[in-house]
Amino acid sequence: MRVTVAAVGRARGGVFRDLYDRYAGRSAWDIALREVEARGTDARSRRRAEGERLLAAIPKGARVVALDEAGEMLSSREFAAWIGRARDAGTRDLCVLVGGPDGLDEAAKVRADLVLSLGRATWPHLLARGLAVEQLYRAQGILAGHPYHRE
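Counted the way my numbering counts, the sequence shown spans residues 753 to 903.
Keep in mind the hints are simulated off the structure, nothing from the lab.
Glycine included, every Cβ here is placed at the ideal spot set by N, Cα and C.
Any given hint could turn out to be false.
Per label pair, the in silico range of CB-to-CB distance [stated by the list, open to error]:
id, residue 1, residue 2, range
1, 769, 871, 17 to 25 Å
2, 812, 899, 32 to 40 Å
3, 840, 766, 34 to 42 Å
Given the sequences, and given the hints that come with them, work out the whole structure.
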């Protein structure tokens, strides 16, 4: 499976980028990071511009997971099962959308096949991409029967 993480903002280095790189590098899936930035005169216009750029980063035919605090809360096994069903239905590309500090534009959430919450806590958007990639790595392990995931 090919995975694109389309995320607002640039993680040039440091702990956020290190976390992302650690799990993306361990994955057997091809994971690419597409970082987008947009300007706006206010939070609403900036979020809309970011949403347009995130939508443009989605590979053709990809299933889309949008991270949003109001999204569905799935366990790691449930998330892995969702990915497994998509894979078994012929999905070759998966795209995870990570919004900026002001959240995701509504158009990005509407386009998503799954709107996923990483929990009720609010996470920094640069940390959310690392958490998402860890969950993708964990899902890959669950689907392969690897002992990485413990319950």
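Quick rundown of the hints versus the structure:
| no. | hint | result |
| --- | --- | --- |
| 1 | 769 x 871: 17 to 25 Å | holds (22 Å) |
| 2 | 812 x 899: 32 to 40 Å | holds (36 Å) |
| 3 | 840 x 766: 34 to 42 Å | holds (38 Å) |
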